[in-house]
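Modelling step: build the complete structure from the supplied sequences, incorporating the hints.
Residue numbers (this note's numbering), protein chains in the order written: chain E, 1 to 483; chain R, 1001 to 1479.
Honestly, the hints are just simulated from the structure, not real lab data.
Computed from a predicted structure; not experimentally measured.
Each hint should be verified, as a subset may be incorrect.
[Unchecked claim] With a straight-line Cα cutoff of 20 Å, these simulated SDA-like cross-link-like pairs (lysine to any residue) come out:
(1) K1131(R) with Y339(E)
(2) K1131(R) with R324(E)
(3) K1204(R) with G1242(R)
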Amino acid sequence: MTNSVTEIRRGLKQGKFSSVEITQDYLARIAQHNPALNCFISVTDEIALEQARTADAALASGEAAPLTGVPLAHKDLFCTDGVKTTCASQILDNFIAPYDATIIENFKRDGAVMLGKTNMDEFAMGSSNENSSYGNVANPWNTDYVPGGSSGGSAAAVAAGLTPAATGTDTGGSIRQPAALCGVTGIKPTYGRVSRYGMIAYGSSLDQGGPFARSAEDCALLLQTMSGFDRRDSTSAEQAAPDYSAALGQGIKGLKIGLPKEYFAEGLDARVAGVIETAIDELAKLGAKIVDVSLPNTGLSIPTYYVIAMAECSSNLSRFDGVRFGHRCQDPVDLEDLYKRSRGEGFGAEVKRRIMIGTYALSAGYYDAYYLKAQQLRRMIKQDFQQAFGDVDLILGPTTPETAFKIGAKTDDPVSMYLQDIYTISLNLAGLPGMSLPVGFSDGLPVGMQLIGNYFDEAGLLNAAHSYQQVSDWHLQVPEAFR
Amino acid sequence: MSDWESVIGLEIHAQLATRSKIFSGASTAFGADPNTQACAVDLGLPGVLPVLNREAVTMAIRFGVAIDAEIDHRSVFARKNYFYPDLPKGYQISQFELPIVGKGHIFISPAEGEHKEIGITRAHLEEDAGKSIHDQFPDQSGIDLNRAGTPLLEIVSEPDMRSAKEAVAYARKIHSLVRYLEICDGNMQEGSFRCDANVSVRRKGDEKLGTRAELKNINSFRFLERAINFEIERQIELIEDGGSVVQETRLYDSERDETRSMRSKEEANDYRYFPDPDLLPVAITDEDIADIRASLPELPEQKKQRYIDELGLSDYNAELLTASRETATYFEAALAAAPEHNAQLANWILGDLAGALNKANIDTSESPITPLMLAQLISRIADNTISGKIAKEVFEAMWQGEGDADGIIEARGLKQITDSGAIESLIDEVIAANPDQVEQFRAGKDKVLGFFVGQVMKQSQGKANPGQVNAMLREKLKS
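Right, dumping it as structure tokens:
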């Protein structure tokens, strides 16, 4: 049994095992471990086995597509035709989309097998996966700890080997932060690289889908399937994706990597900083040139992000009104009652908080002070990066200020929770690609390192991460209980 | 009454005649079964995204070019947020800052010889909402989302109109223009063309505008005029009685011919407009605008000027003939068949034909008398085959479907008598039968001539050429 997408592809092609066999293995692991971890909201056994049988037939007839027979899981905010899509919310507890998201279509086209839909923070709002109406997810490295969020179910499922890979979405760090906290590799592509069609929106100008896997090599394969122009998403980039796998193995000799001084300042856990510094030394040994850069507006990224993301979500979530789909309250007395109770009962506390703040930020008399100001700051943050990328090829830093925290530790302190995203959030504001890869441990919990690339340079990120993973084995570590 | 001045501005929603919706591929055809023309995007399902129908942008620019408006190179869609059951996403995609069409203007002619320029503040694109149906299910409302996502062009005028009559003239002018441009079918019953009126009053000479009320639910030009007039009187009475007008939305009730308060400003929504992050700003190049300009048909103003300059028609007739594209098309088709008779054609089209169409309540395009038939009729008057009076009879027969003018003249034996021998014998008969009147005429009573003409025409059953009868009678009576 292997957890590598690359090896699964090879094994399937060589006939070492069938897709049905490996799918059954993963389904068995899910059955065994999911009760403790709660990574999955839905497990789609029957669909998985049927897709696996089709994949085996395709493999046998030599008609295999890039991911034929490879099992994986999807974050439960990608719409799947005929399979429940909940966004981990009571308001969508009964929602079955009549269509597939573009990336789901892409995975079907490329032959992948769907194991199930993963747990998450409700509507992707959270950094700990504690905001799920289906219960929190546990971190496989220590089940008393959070896996990060919002794509916590996907990250934990990959870390525990319940799936070789999974999809996620990243609005402010929702792929990179749980990847870091669970010790897996995850990439958030450039805004516009992956279609948002069928991905239930949180912050439309920030949301971007991307993969989780064990390695950069595996992420390259998945990203290939996910990427590309989609005419159904007007913000999708009208340019073809390069061959990500072919870009691996170029090495990083002479690559100029910038360290933003603001990412190594106060607030960063000293032990995390130590682990990151060791990884930087490793990259230097591989020939990378390490220089200092500055992103002076980093401190503004959190307030800027929360105004924009909450403003957008307050509008995006208006469609959940109990009228056409989703939860509707019992016996509404009138229209207002229908709205108030359906939404009041359907949404969780954090979602309500964000809708309220976002509504406020867009209100007459406050729009200029909040939303418009945030858009100005957003441009400044973007300019910081553009300036830095004038000097360097990649930017590097910690993914999070600290390792995973205990379940419940920050639930009463939203601001401290929001600070989890201090290093990740500005990329979403700028629309830049970033990835997190495991580079060591602190007190038995994984530490993630973030690489930030210039626009549409996912290949550069994957190549740098791959180079590091060729000389390290942090990405191959599996928590003892799940070996 | 006369101390008061009313100030009126209109917001017109013209449904654009695109085949598919503004942000989805679903059809825009009217009258399908409920919710059969609403796709996932129109239903606002989770995860769906809008994709702009560029044809709607082209149509908006056609309008902009036609009203000589500023058209920016960049236009932005914004979300207008409010909850309503037939608004699937909880927001309407509209435009706020940076509409497609900026400041422009149009000329109206509210009465013969009057001309006035009306400013158009802006025209922006937006999606229509669905329809709530309250009368089909007991205790429940139905929602039909077929209309959701239909493209609308909202045309906002300056408060430049000073009477209900001017407002109607403006609305008609816009109605005619969008039909000329083929961007809207103009069907008011089906809601393809809707008018809201902002009405306020102030004392003559006041600079400051009065508080306005917005009138909604007006679905004909007649109701527009009535609603505005009712509202003007209501506001004047209110102020003269010591009250004040509150800013509010009022619904027009055509059955009771009154306006009723719907919601006040305090109850109004804060729409929380912000740029829609799902849509990129629309880029419009100078080439786009030039191409669209080149593709425009001859517009009513240009047509009218041509009729005056080249055909020598009166300003008034030219205005009326160009008031609708259908009338102008009819006129031009008839003119092609009888080029030398433009004035007569204009008179017949604006007179008898318009009257008959109006009476039958049908459009020019549905007229049983084709342009060629009318041209033939007029040619027969001109070549003296029939008199103008007989022509009315032929016209009526053509309207009833008895065939073309030549056929009817032949079948009914209406051909004018121009044979002077035949006319002379009729005259002789009449003179012989009326010796008294002959005496009177010869005694200098010229008016009696009319009596003789009438008698001769009667004898000929109207078929004698009246000019000939007149001339020959004079000769005979003198001798």
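Item to check | Unmet hints by their number, sorted upward, for this structure | outcome: none
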